[in-house]
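S.K.: Single-letter residue listing:
2 protein chains.
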Amino acid sequence: MVCPVTSENSSAPALPAALSLADARRLRADRARQVADVLRRQVRHGAFPSGVLPAEADLVREFGATRNAVRDALDLLRGEGLVERCPGVGTVVVGAKYPHPLERLLGLAETLREHGEVGNEVRTTGLITPPREIAARLGLAEGEPVVYIERLRRLNGLPLSLDLTYIPRDLGEPLLTEDLAHNDVFVLLERIAGQPLGRAELTLEAVNADPHSAATLDAPRGAALMMVERLTHLADGRPVDLEFIRFRGDRITMRGTLRRGPCQ
Amino acid sequence: MVCPVTSENSSAPALPAALSLADARRLRADRARQVADVLRRQVRHGAFPSGVLPAEADLVREFGATRNAVRDALDLLRGEGLVERCPGVGTVVVGAKYPHPLERLLGLAETLREHGEVGNEVRTTGLITPPREIAARLGLAEGEPVVYIERLRRLNGLPLSLDLTYIPRDLGEPLLTEDLAHNDVFVLLERIAGQPLGRAELTLEAVNADPHSAATLDAPRGAALMMVERLTHLADGRPVDLEFIRFRGDRITMRGTLRRGPCQ
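Protein sequence lines correspond, in order, to chains A and B. For the first sequence, my numbering begins at 1 and goes up steadily by one. For the second sequence, my numbering begins at 1 and goes up steadily by one.
Because the hints were derived from the structure by calculation, they are not lab data. Just so you know, these numbers come straight off a predicted model, no measurement behind them. Some hints could be false.
Just some of the chain A residues that point at chain B, by a computed CB distance under 8 Å [said to hold, decoys possible]:
#: 1; residue: LEU127
#: 2; residue: ARG132
#: 3; residue: ALA136
#: 4; residue: LEU138
#: 5; residue: ALA181
#: 6; residue: HIS182
#: 7; residue: HIS212
Over the 10 Å line for every Cβ pair with chain A, so calculated as not near, a few chain B residues [stated by the list, open to error]:
#: 8; residue: ALA29
#: 9; residue: GLY95
#: 10; residue: LEU105
Counterexamples of contact, computed for chain B against chain A with all Cβ distances above 12 Å [stated by the list, open to error]:
#: 11; residue: GLU56
#: 12; residue: GLY79
#: 13; residue: PRO159
Beta carbons are placed, not taken as given, at the ideal position from N, Cα and C, and that holds for glycine.
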């Protein structure tokens with residue numbers, strides 16, 4: 001749902017005499033955070049199929065919170081780009097967030113198949129001499145060239161991630177003759193290598209977008225990004241695909257399961 | 001290493017005549033991003049044990065990039081709070097980032113044992129009637145009270161995360177008599193329940209900190225946070241611990257391994 005942004009003037013809260021102003025502010029902010037965390041989960045899991053959140057009065061009742069704390073909570077979610085206020089309608093869900101599993105190694109189009117079509121704008125491709133760090137991680141000798149591919153990936157036309165990919169030359173050069181705009185690199189790599197992928201080591205970090213990355217992803221300056229670094233190996237163990245991926249934080253949720261025992 | 005922030009005036013780059021200004025800007029920003037991604041990885045993995053990055057001229061050579069692109073790359077990492085410029089010294093590593101495994105369910109103190117001491121400032125505890133969403137996820141009837149615990153968690157005195165925790169009353173009330181400042185909830189829960197924890201479902205999102213959360217975590221306004229929502233079960237499957245955790249993005253790196261096959 002698209003809705004014009006409006007601003008709202010809420011009157012100051014009445015404070016119990018025994019509470020200092022600082023205490024009251026903290027209490028209200030703490031409550032807002034609690035409410036926002038529950039609503040975020042509900043929004044993400046489709047608890048409001050009409051796309052409209054319950055009225056403020058209902059949220060006040062449901063959460064046992066003040067109207068101001070509920071408003072602050074909605075403001076928090078608005079700040080995350082999850083909801084918008086719509087005059088005459090209420091608070092509406094905007095900007096879908098897509099689940100990305102942490103349990104199986106999948107390409108983006110494979111992952112999001114049920115959510116729509118992934119399209120890749122190939123921004124750069126070429127043979128480069130990589131920095132030593134990249135060569136080392138791909139198990140290559142210093143100075144050996146690699147194929148570099150940079151893609152802006154969209155889901156249903158909306159920017160989702162900016163991917164910087166390094167691939168050894170023997171697999172990367174055939175890859176460049178393929179349709180990179182409409183295929184996951186993973187699927188193409190398996191075909192070219194004649195064997196499936198095996199495992200990938202990955203790291204996830206939350207970082208603020210630098211101005212240029214933000215502009216490329218059509219996100220606000222400083223927007224939170226989910227930065228993924230992933231080294232993928234073929235089934236035989238050879239490292240073949242090193243990627244640095246900037247996901248728009250407001251469009252992706254990573255999901256996984258952890259186990260307490262070492263091998264339950 | 002602590003170092004005063006300085007600003008620097010770099011002269012404008014000389015542009016090849018054939019390149020439009022917009023193209024040149026994009027090229028330089030793209031190169032800076034590539035360089036920053038490699039340097040980020042190196043910083044994170046202790047590639048510069050002296051705490052000082054190579055001189056700009058050396059980075060220019062190593063990356064085959066212009067001096068301006070290298071400077072922009074260092075600026076990106078500075079923006080992430082990873083490095084700082086130190087007059088007379090160079091670019092130094094600041095603010096260590098800690099690895100948090102995505103492969104095993106561990107409490108924070110267990111996770112970070114080798115990195116230092118985790119201390120918990122217990123901000124709030126109490127018995128509350130939770131919103132229906134919370135009750136449902138903990139497998140409780142509507143209106144059943146739960147114990148709510150809010151903790152600001154520090155590593156070696158520095159704020160790392162703000163944790164909002166919901167626990168069923170029968171386990172949560174005994175928990176409140178324990179030393180929550182110096183123990184992980186996980187370890188205490190296992191002792192109280194008389195059985196180990198089993199699995200946890202978790203989601204990870206990158207979000208911008210709202211002003212109050214930022215202030216609580218001593219982070220800049222709008223700082224990128226790694227927001228974790230985690231529902232932990234006992235070994236017998238009962239859900240017993242629902243947490244909403246805001247990690248400072250500049251202090252934590254999540255690490256895991258994915259496999260291509262469904263059960264390799």
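S.K.: Run every hint past the structure and note whether it holds.
M.R.: Verification of the hints:
1. LEU127: For LEU127 of chain A, the interface hint is violated, since the closest Cβ of chain B sits about 13 Å away, which is over 8 Å.
2. ARG132: 7 Å, holds
3. ALA136: This interface hint is violated because 10 Å lies over the 8 Å limit.
4. LEU138: 12 Å, violated
5. ALA181: 19 Å, violated
6. HIS182: Violated, because the Cβ-Cβ distance from HIS182 of chain A to chain B comes to roughly 21 Å (cut-off 8 Å).
7. HIS212: This interface hint holds because 4 Å falls under the 8 Å limit.
8. ALA29: The claim breaks: ALA29 of chain B does not keep its Cβ more than 10 Å from every Cβ of chain A (closest is about 4 Å).
9. GLY95: Since the minimum Cβ distance to chain A is about 13 Å, GLY95 of chain B lies beyond 10 Å and the statement holds.
10. LEU105: 4 Å, violated
11. GLU56: 15 Å, holds
12. GLY79: With a cut-off of 12 Å, GLY79 of chain B comes too close to chain A, as the shortest Cβ separation is near 6 Å.
13. PRO159: 15 Å, holds
Hint compliance for this structure: hints 1, 3, 4, 5, 6, 8, 10, 12 are not met, and every other hint is.
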